[in-house]
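There are 2 protein chains.
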Amino acid sequence: MATRIVEPEAGPRSKRAAILAAAVDCFGETGFEATKWSTVAERVGIGQTALYHYFESKTHCLLTIMRLELQRSHDKFTEATEGVEDPTEALRAAVRAAYDVSEQEVLQMRILHNHMDLLSGTRKSKREEAERVEARKLVQLVERNWTNLLVRGMSMGAFPLRDAQLLGSGVLGLIVSVWRWYRPSGPTPLSEISELIEGACVRMVAT
Amino acid sequence: MATRIVEPEAGPRSKRAAILAAAVDCFGETGFEATKWSTVAERVGIGQTALYHYFESKTHCLLTIMRLELQRSHDKFTEATEGVEDPTEALRAAVRAAYDVSEQEVLQMRILHNHMDLLSGTRKSKREEAERVEARKLVQLVERNWTNLLVRGMSMGAFPLRDAQLLGSGVLGLIVSVWRWYRPSGPTPLSEISELIEGACVRMVAT
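Order-wise, the sequence lines are chains A and B. Residue numbering for the first sequence follows the UniProt record's numbering, beginning at 1 and increasing consecutively. Residue numbering for the second sequence follows the UniProt record's numbering, beginning at 1 and increasing consecutively.
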């Protein structure tokens with residue numbers, strides 16, 4: 001493993017990415033609490049001192065994973081709905097995009113939604129707090145994406161008038177609830193789940 | 001505070017209830033991680049040794065709160081739907097029952113849903129593990145309640161045929177997602193939320 005540390009081409013960035021990937025595996029499969037911070041270092045093949053250079057704590061790393069996952073969700077939503085004129089089609093595209101994820105991203109979503117309560121309380125550490133504040137902003141951005149999609153559909157007469165913010169957070173809540181129980185090894189393929197939730201969201205919003 | 005400890009009428013049960021109530025306040029408002037176990041003892045007015053007599057750890061207490069809340073949810077569902085023949089009416093009654101909660105129960109739901117991942121990994125402590133196993137059984141029971149309600153409606157022709165288990169966990173996921181963000185001090189009263197979600201669930205299932 002030592003060779004990986006001294007690889008001349010491995011700049012700080014590549015090590016950071018490797019740490020994040022290892023942490024996603026550990027937190028997603030073993031759970032955050034049950035994962036020893038030293039296990040992440042071992043997986044990457046670096047010492048604990050090197051690990052602390054990138055993340056000052058296990059929580060700092062968790063908050064970074066959450067912030068990155070929220071950014072990815074936001075970007076994916078934007079990409080999927082951009083230029084889709086028909087509101088129902090945009091809603092369908094947004095739901096499908098939410099489930100168009102890799103196995104690594106499934107773990108990231110699970111980690112994110114298992115630790116959302118971490119975003120509500122101020123952190124004492126500056127670096128942790130910076131990640132938390134960014135993540136909070138992204139949560140609001142993602143919520144606004146869904147609300148705006150519903151508002152647009154309502155103003156165009158495609159969706160009946162309802163409390164768009166409340167209904168939007170319901171749609172989002174329904175979509176992300178899947179990450180609590182979904183396992184790639186489980187009996188139901190994600191494509192089937194995606195299709196059922198897509199239909200449920202359209203009925204919730206457009207009927 | 002000392003008088004509370006030596007009250008002759010305060011049997012072991014009353015102290016346990018007081019500890020649970022104090023822990024619900026602390027975990028629900030400050031968060032589980034941020035709450036010091038000693039703060040719970042102080043609130044109840046007992047020493048830490050007495051506290052450990054009832055709960056061997058903060059996690060043991062958390063798991064107990066979760067198990068009790070799941071039992072309450074199950075009982076409430078049963079009570080609300082029993083004898084309601086029409087499946088759509090039963091669905092409406094079940095959703096309304098889910099939001100017919102006290103402020104204390106709001107905190108209990110928030111605590112439960114913020115720590116659901118705790119139920120997936122085996123605990124080393126015997127007493128923690130016993131609570132975890134009971135809570136897991138109750139999670140399955142609650143999920144089955146919703147699936148069975150949907151299966152009955154589908155078999156009676158009141159709901160279109162769909163994957164009842166998948167749709168049932170969607171309905172449940174939508175309902176409980178509210179506990180993530182709902183605050184009694186917030187701008188939207190729970191009655192309004194309940195009404196919107198009730199309508200959304202009926203459209204999801206019966207349309």
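Everything labelled a hint here was simulated from the structure, so no lab data went into it. Certain hints may be false.
As the list claims (entries may be wrong) - If you only want the chain B side, here are some residues facing chain A, beta carbon under 8 Å, derived:
hint	residue
1	Gly-45
2	His-53
3	Asp-117
4	Leu-119
5	Ser-120
6	Thr-147
7	Leu-174
8	Trp-181
9	Pro-189
10	Leu-190
11	Ile-193
The beta carbon of each residue, even a glycine, is placed where N, CA and C say it ideally should be.
Hints, verified against the model:
no.: 1; hint: Gly-45; in the structure: violated, 26 Å
no.: 2; hint: His-53; in the structure: violated, 25 Å
no.: 3; hint: Asp-117; in the structure: holds, 4 Å
no.: 4; hint: Leu-119; in the structure: violated, 10 Å
no.: 5; hint: Ser-120; in the structure: holds, 7 Å
no.: 6; hint: Thr-147; in the structure: violated, 13 Å
no.: 7; hint: Leu-174; in the structure: holds, 4 Å
no.: 8; hint: Trp-181; in the structure: holds, 7 Å
no.: 9; hint: Pro-189; in the structure: violated, 11 Å
no.: 10; hint: Leu-190; in the structure: violated, 12 Å
no.: 11; hint: Ile-193; in the structure: holds, 7 Å
Taken one by one, the earlier hints fail for this structure at numbers 1, 2, 4, 6, 9, 10, listed in ascending order.
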